[in-house]
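Trainee: Heads up: the protein sequence lines correspond to chains A and B, in order.
For the first sequence, position 267 (counting from the first letter as 1) is numbered 266 according to numbering that gives the first Met the number 0, and the numbering increases by one without interruption.
For the second sequence, position 367 (counting from the first letter as 1) is numbered 366 according to numbering that gives the first Met the number 0, and the numbering increases by one without interruption.
Since the hints were derived computationally from the structure, they do not count as laboratory data.
All residues carry an ideal CB built from backbone N, CA and C; glycine is no exception.
Keep in mind that the hints are not guaranteed to be accurate.
[What the hints assert, rightly or not] Only part of the chain B face toward chain A is listed, based on derived beta-carbon distances under 7 Å: (1) D60; (2) Y168; (3) S385; (4) I388; (5) G391; (6) I400; (7) L404; (8) V405; (9) A415; (10) A420; (11) P451; (12) L453.
These are the residues of each chain, in order.
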Amino acid sequence: MMTLLLIVLPLLGALSLFVMKGDSIKKAAFVISLVTFVLALVAWMQFDATNVSQFVFKQAWIPSLGIEFSVDMDGLSLLMVLLTTFLTPLIILSTFDREYKNPLAFYALILTMEMALIGVFIARDAFLFYIFWELALIPIYFISLLWGGENARPITFKFFLYTLAGSLLMLFAIIFLYLQTPDHSFAIESFYKITLSAETQCWVFWMLFIAFAIKIPVFPFHTWQPATYHMNSTPGTMLLSGIMLKMGIFGLIRWLLPVVPQGCIDNADYVVILATIGIVYASAIAIIQKDFKKLLAYSSIAHVGLITAGVFSFTDNGLRGASIQMLAHGVNVVGLFFVADILFNRTKTFEMKDMGGIRTKAPWFATLFLIILLGSVALPLTNGFIGEFLLLNSIYEYSNVIAAVCGLTIILGAVYMLMAYQKTMLGETSAATKDFTDLTFNEKAVLIPIAIVIIVTGLYPMPLFNLIEPSVQNILSFINI
Amino acid sequence: MNVLILISCLGLLSLFVGLSDSLRKYSLQVIVAGIAAIFVLNVLNWPLENTRFYSDMVNFDHYAVAFTGLILFVSALVFMLSKDQFSFDEKSTGDYYGIMVFTIAGAIMMVSYSNLAMLFIGIEALSVSLYTLAGSRKTDHGSNEAALKYFILGAFATGFLLFGITMIYGASGSFNLLEIAAYVNGTADLPYLFYAGLLMLMVGLLFKVSAVPFHFWAPDVYEGSPNIVTSFMATVVKIAAFAAFYRMFSTCFGAASEHWSLILSGVIVLTLVVGNFSALTQTGLKRLLAYSGIANAGFMLLSILALKGDAQSALFYYSIAYATASLGAFSVLILLSEDGKILSIDQLRGLGKKNPVVAVLFTIILLSLAGIPPTAGFFAKYFIVSTAIANGYLVVSLIAILTSLVGIYYYFKIIAALFSAPQEGSENTFGEKKSYILILCAAITIAAGILPELIIGLLR
Numbered sequence: 000m001m002t003l004l005l006i007v008l009p010l011l012g013a014l015s016l017f018v019m020k021g022d023s024i025k026k027a028a029f030v031i032s033l034v035t036f037v038l039a040l041v042a043w044m045q046f047d048a049t050n051v052s053q054f055v056f057k058q059a060w061i062p063s064l065g066i067e068f069s070v071d072m073d074g075l076s077l078l079m080v081l082l083t084t085f086l087t088p089l090i091i092l093s094t095f096d097r098e099y100k101n102p103l104a105f106y107a108l109i110l111t112m113e114m115a116l117i118g119v120f121i122a123r124d125a126f127l128f129y130i131f132w133e134l135a136l137i138p139i140y141f142i143s144l145l146w147g148g149e150n151a152r153p154i155t156f157k158f159f160l161y162t163l164a165g166s167l168l169m170l171f172a173i174i175f176l177y178l179q180t181p182d183h184s185f186a187i188e189s190f191y192k193i194t195l196s197a198e199t200q201c202w203v204f205w206m207l208f209i210a211f212a213i214k215i216p217v218f219p220f221h222t223w224q225p226a227t228y229h230m231n232s233t234p235g236t237m238l239l240s241g242i243m244l245k246m247g248i249f250g251l252i253r254w255l256l257p258v259v260p261q262g263c264i265d266n267a268d269y270v271v272i273l274a275t276i277g278i279v280y281a282s283a284i285a286i287i288q289k290d291f292k293k294l295l296a297y298s299s300i301a302h303v304g305l306i307t308a309g310v311f312s313f314t315d316n317g318l319r320g321a322s323i324q325m326l327a328h329g330v331n332v333v334g335l336f337f338v339a340d341i342l343f344n345r346t347k348t349f350e351m352k353d354m355g356g357i358r359t360k361a362p363w364f365a366t367l368f369l370i371i372l373l374g375s376v377a378l379p380l381t382n383g384f385i386g387e388f389l390l391l392n393s394i395y396e397y398s399n400v401i402a403a404v405c406g407l408t409i410i411l412g413a414v415y416m417l418m419a420y421q422k423t424m425l426g427e428t429s430a431a432t433k434d435f436t437d438l439t440f441n442e443k444a445v446l447i448p449i450a451i452v453i454i455v456t457g458l459y460p461m462p463l464f465n466l467i468e469p470s471v472q473n474i475l476s477f478i479n480i
Numbered sequence: 000m001n002v003l004i005l006i007s008c009l010g011l012l013s014l015f016v017g018l019s020d021s022l023r024k025y026s027l028q029v030i031v032a033g034i035a036a037i038f039v040l041n042v043l044n045w046p047l048e049n050t051r052f053y054s055d056m057v058n059f060d061h062y063a064v065a066f067t068g069l070i071l072f073v074s075a076l077v078f079m080l081s082k083d084q085f086s087f088d089e090k091s092t093g094d095y096y097g098i099m100v101f102t103i104a105g106a107i108m109m110v111s112y113s114n115l116a117m118l119f120i121g122i123e124a125l126s127v128s129l130y131t132l133a134g135s136r137k138t139d140h141g142s143n144e145a146a147l148k149y150f151i152l153g154a155f156a157t158g159f160l161l162f163g164i165t166m167i168y169g170a171s172g173s174f175n176l177l178e179i180a181a182y183v184n185g186t187a188d189l190p191y192l193f194y195a196g197l198l199m200l201m202v203g204l205l206f207k208v209s210a211v212p213f214h215f216w217a218p219d220v221y222e223g224s225p226n227i228v229t230s231f232m233a234t235v236v237k238i239a240a241f242a243a244f245y246r247m248f249s250t251c252f253g254a255a256s257e258h259w260s261l262i263l264s265g266v267i268v269l270t271l272v273v274g275n276f277s278a279l280t281q282t283g284l285k286r287l288l289a290y291s292g293i294a295n296a297g298f299m300l301l302s303i304l305a306l307k308g309d310a311q312s313a314l315f316y317y318s319i320a321y322a323t324a325s326l327g328a329f330s331v332l333i334l335l336s337e338d339g340k341i342l343s344i345d346q347l348r349g350l351g352k353k354n355p356v357v358a359v360l361f362t363i364i365l366l367s368l369a370g371i372p373p374t375a376g377f378f379a380k381y382f383i384v385s386t387a388i389a390n391g392y393l394v395v396s397l398i399a400i401l402t403s404l405v406g407i408y409y410y411f412k413i414i415a416a417l418f419s420a421p422q423e424g425s426e427n428t429f430g431e432k433k434s435y436i437l438i439l440c441a442a443i444t445i446a447a448g449i450l451p452e453l454i455i456g457l458l459r
């Protein structure tokens, strides 16, 4: 029942916005998303850490084709749902001081998106998973198209067609897998029972992997990402980078590794190498960026590259690290994009050379930015550290050379992020920043919870580990190395 | 059986109603009420006591009843849409309506035949009516061109069909589907005469469903014909042609599939590729819909390729999804454009602001055409592709899925246009217009997409 409520609530909320007018729309949207978050917290309270399938809800949907509307949660799903429901209210709150045209459609789309994202994380039927996966794309298409900045149309088209191309490959693979299930069912248990020859696993692996890799994005499927992040409105970028890309990593863990384990093992070398190339390449490009938002976009590619490489080490630490890092990356990147939004709102530019000296003007802002930045560069005692440490550890078990290369990213990441901080926050004030005002109440209300989560989950991550441990073991039990 | 008689009587009745000046204004109501009554009668036939009539010329099995119901339903919608659409020739309105009803009679014969002679009569009744309808705007250049092109090429294709039927008769000694099936199943080495006949039959039918390379008539005929006739062709006629095609192949030629499946696979790939890529460059909405119809024909042909398993259920569902989506799109066209003038996609810009209801409904229709969940279009594509994969046609299915990406591109180009700022200096008066048919089509599209079980259970 809980899982059903988590889907239905944002959807009903989105519909209920249509009876409202003016300022009450955004407030209502915020309240609805907050209630959803509370619901997710309640689910966490009730969660039994040892059981990998809880809050099961099943309803026959298209029984003649073996399709069921069935949802449940394991620790990993719950973690992703917590991330989604935590970030959505913040994303909505971040728009309170900004004007977005046609607010009704805007907030209804954000809530619909939340519904679809939650659906992706809790679906236990491959067909349903695919439906939610596609459904998540429609709201973000309109958010990008209608509220995006310059060149919104061509960039949105590229993004949309790119991801759909992946989805269609996935659809083909899902239909094929369905026909191989012994009982002709889309249920995840049936998918986990499929046994295929190594050759078949290989092409099924690539079809599914490309779909997920485009979403993440893994080098060389990343070319849509920087422009899309940069052009999008801040809420759009936050949704894409904070939550939507996690769909891809989540897909790898839940729908790829246990379904075609042999295919994963046989092709792990390629994936890890691609991910590593992506890490180094994106970090190198991030260093030379003059535009803060673009820098964040590239740094995101580097971070998710590391997560992907960790997943394909097939070790406990790899999957633990990936799960924790998904949460950390989501929280941090949303914070950073909001920082970029605040900078742009005050200075009308993303060019870092035009900024400077903001720390003296806006101490609250500078401090909170620093906390988020430290989380992002994985300083010990922040949320980024544990995840990256475990990921590097797992990659080391896989190959020490690659681990050494990936380890570079931590240094490179620190370099470009601290350089960005220095250029924007320190030094002399410029023409653009001389009138820089400190954070408003609403802006603080977004950044402070993010900073708290960064520090708390950095100091005391145990509850999260307890949450995901059974899921990690469950996934690994399908891979026998 | 009585459905066929009644629909013909309705055609006659509408001719008489059209004769009198005082009754003419009621002809639409009479026809819609008549079709509704026949629809109910048809549904009552569902339990099936006796299916074969006229010395086994027609066979009203579940398949025939289901498709007849669909054809009647879609026709009723087309008629409701046709108010004022024949205003260019007020006096002959009754004639046009009568001809349309006779077309429906032809379509019903095409979905219920059990004898090749009956199929031929059905196709001719349908085609000859359509040639007339295509040219109904007598003073319009495009309409005349459409009628002439359709007639010449159509007659040519009918020739192939008839020749094919003759050869099959020569080989098997019968026009009856079941006897031909018994012949095909029971003969180890089929003579070349039979294969030649099969090939000719295929050519004739592929022409009727506008599959590549027999599609050249479709864009011009669609564009030149009056809007209401085009929407009739794109929905009712197409469904009937596919239903006839599938009925023949599933009954008779399943055992000989190794001899035609390769050719059909090639035709499907060509149809998908050419249809989608040609649609890509279109700027006019009507012509784009014509090409999208060709691309959709490629998908529907997959069910004939698959032939077994859920194929007929998949074809039926696809027909519903495609017919409602197309009709929705045509209702937008009829709503916004004057007959005979081209409505370009750029002219649709600004619709989202001027008339958000129509824009949102049209978006739902386009999502369905593009095959995006949770609309009927997605499930239709999914279902038909999965039956094709289940029967082992992996490569063709993969190509079908990938080419639908091209389709997504041009449908979303329209969606993007709907919600972007209007053109400089354009004076479109989209205003307060609304269309109940559009609302109905969008509602069916969503409902059928969310609850497909209701439909696919019928023909399993």
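Trainee: For this structure, which hints from the list above don't hold up?
Mentor: Violated: hints 1, 2, 5, 8, 10, 12.
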